[in-house]
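J.: With chain P held as given, fit chain V onto it using these hints.
Protein chains: 2
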Amino acid sequence: MIVTLTPNPSVDRTIEVDVLHRGAVLRARATRVDPGGKGVNVSRALAANGRQTRAVLPAGGWEGEQLAALLAPLDVPVVVVPVAGSVRANVSVVEPDGTVTKLNEPGPRLSGEEIEAMTAATVKAAADAEWLACTGSLPPGAPIDFYAQVVERLGSAQVKVVVDSSGAPLVAALDAGPDLIKPNREELAEATGRSITTLGDVVAAGEELRTRGVGAVLASLGADGAVLVDATGATFGSATVDKPRSAVGAGDSMLAGFLAGGGSGPAALAEALAWGAGAASLPGSRMPTPDDLDRDAVTIADRIDPDRPLKERS
Amino acid sequence: MIVTLTPNPSVDRTIEVDVLHRGAVLRARATRVDPGGKGVNVSRALAANGRQTRAVLPAGGWEGEQLAALLAPLDVPVVVVPVAGSVRANVSVVEPDGTVTKLNEPGPRLSGEEIEAMTAATVKAAADAEWLACTGSLPPGAPIDFYAQVVERLGSAQVKVVVDSSGAPLVAALDAGPDLIKPNREELAEATGRSITTLGDVVAAGEELRTRGVGAVLASLGADGAVLVDATGATFGSATVDKPRSAVGAGDSMLAGFLAGGGSGPAALAEALAWGAGAASLPGSRMPTPDDLDRDAVTIADRIDPDRPLKERS
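Chains P and V are the protein sequences, given in the same order.
Number 214 in the numbering used here belongs to position 63 of the first sequence; there are no gaps in the numbering.
Number 207 in the numbering used here belongs to position 56 of the second sequence; there are no gaps in the numbering.
For the record, the hints were derived by calculation from the structure and aren't laboratory data.
It should be emphasised that the depicted structure is a prediction, and the values quoted were computed from it without experimental measurement.
All residues carry an ideal CB built from backbone N, CA and C; glycine is no exception.
Treat each hint with caution, since some may be false.
[To be verified] Taking CB as the label site, the calculated pair distances span:
no. : chain 1 : residue 1 : chain 2 : residue 2 : range
1   : V       : 317       : P       : 271       : 31 to 39 Å
2   : P       : 396       : V       : 223       : 39 to 47 Å
3   : P       : 173       : V       : 306       : 43 to 51 Å
4   : P       : 391       : V       : 247       : 40 to 48 Å
5   : P       : 181       : V       : 345       : 45 to 53 Å
6   : P       : 203       : V       : 279       : 56 to 64 Å
7   : V       : 225       : P       : 309       : 50 to 58 Å
8   : P       : 278       : V       : 250       : 17 to 25 Å
9   : P       : 394       : V       : 345       : 34 to 42 Å
So here's chain P without its partners, still in its complex pose:
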């Protein structure tokens, strides 16, 4: 059982227009609505591959009901914490040339009681779980060290914790000593203050974060692959994607694969790469099913070339 916590989920509306002209009245060519949130995506990927999962999320308003309705056909068991405010509606404006403009709402302001209810629901849902994934941004009203507080509240529970967030909430979570974090290149740079331009930089940043109490660092590098830094050292792997379609949710799928693959070591890294590549080959934020996973496309390197430059910003 892998439990995910998404404190600030969303309903994601994608609007296709010819060109986004500021100040104009534009006719949308097509729109679609998807459930949004990192933990929601992780649970979607796990459910699509027959893994037991539970997604904990606060939900309120019409967007909250819409989110539940969007998740229902995906067979994702959801633990909804009712809140007064509405789930945020994020808008992506997509143009044929690939330009994407995002309008992200901050999310509803949660009260102290709602934060407490979300924490309690998470601790309860995680009681019989192997992993708890704490994911994404925090809604207004949440303390910046919310993820650290959740870890503290888990107490002596056997569940392992992975944090996949960014900025101050990620840095504040480091103090709680999570078993795993999954930063991308930008988040790695942000958390360490280092410039990350080579695989060697990734390894050094991962090692620094380990000295700050993190068990392992799974650094997702987009098309450049991924690096796992743990107690045994650093491992690099990559996967080829013949026809990349959409990187949206690929990092979430990668984390799901890592946890499904055992949550540690090169075998889990290989599974993470297969799941990430599977999501990258699918449109929108679609998560891969077993048929979408091509494990032959994954390479785990014998050694890491520290001077190898990173091409993609992840």
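T.: Then chain V, alone, in the frame of chain P:
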């Protein structure tokens, strides 16, 4: 009783951002959601002034439920025609300097059965009404002469019909000989092919439309006022607005005032101007209550100066 028909209603989301940078990830500063659609606004204004009204609209999907929930506290009696597709969600991106970028969805494609159900519900709702207001754009699937078909289906019913639409649906509706149309300056130009730059142009266009079978033309000209062209000739009036806040929905409020004021003649025109000015002095698409109407701010001119230039595009 004044019945409104809104074949393509919407849930209107307004997102405030600092600047709409194409290709950027923007943090929304605030968002609000309002019920949308011309007829919905007309019924809102009437209900806010204690007038009997009924709003007929097709609704489906989560946005349809959201629209009903947004209308419930406004005390607008709604006749919902259930449809399979979702009510469209229109997005307005608003910047502090007043720049507004609109992303309008086309709306759900209605089936022949759904169009027929909407027509039947309208005829039934209008059976005891004085006025039926056919408003706004048509959803995909509707015949371009939908409003003419509705008028035909009303048969010998005593209800008078006003059409407030634009483009081809407005032109096609003229053939049915509606009692009233309420074009703005742009719609007047579009329907007649004339250039409209003076009050004289407005009167000439209105008279042309009357020769094509329309009973009366209420031309809304924004801050320039309004012109009523009917069997007795043309009347011009205007209203001063001390602090204009938002023109959104002001034309709909004007139409509501005209109908509430009797639906013909200078007294109805004066009421229309008071209601339009009331809406223009309120934020967003808020409709005026009796306290928001300043009838002393309205002037009905003794004669029309045909050379008077129009300042505002409406």
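J.: For every hint, state whether the structure bears it out.
T.: So, going through the hints one by one against the coordinates:
1. Range check, residue 317/V to residue 271/P: about 54 Å between beta-carbon atoms, so the 31 to 39 Å window is missed.
2. Between residue 396/P and residue 223/V, the C-beta spacing of about 42 Å keeps the proposed range 39 to 47 Å intact.
3. For residue 173/P and residue 306/V, the Cβ-Cβ distance of about 49 Å falls inside the hinted range of 43 to 51 Å, so the restraint holds.
4. Under the hint 40 to 48 Å, the C-beta atoms of residue 391/P and residue 247/V, about 47 Å apart, fit the expected range.
5. Between residue 181/P and residue 345/V the Cβ separation comes to about 36 Å, which falls outside the hinted range of 45 to 53 Å.
6. Our hint of 56 to 64 Å for residue 203/P and residue 279/V holds, since their Cβ atoms are close to 59 Å apart.
7. At about 53 Å, the CB distance of residue 225/V to residue 309/P agrees with the hint of 50 to 58 Å.
8. The given range of 17 to 25 Å is broken by residue 278/P and residue 250/V, whose C-beta atoms sit roughly 52 Å from each other.
9. Between residue 394/P and residue 345/V, the C-beta spacing of about 54 Å breaks the proposed range 34 to 42 Å.
Violation of the numbered hints given earlier is confined to hints 1, 5, 8 and 9; the remaining hints are satisfied by the structure.
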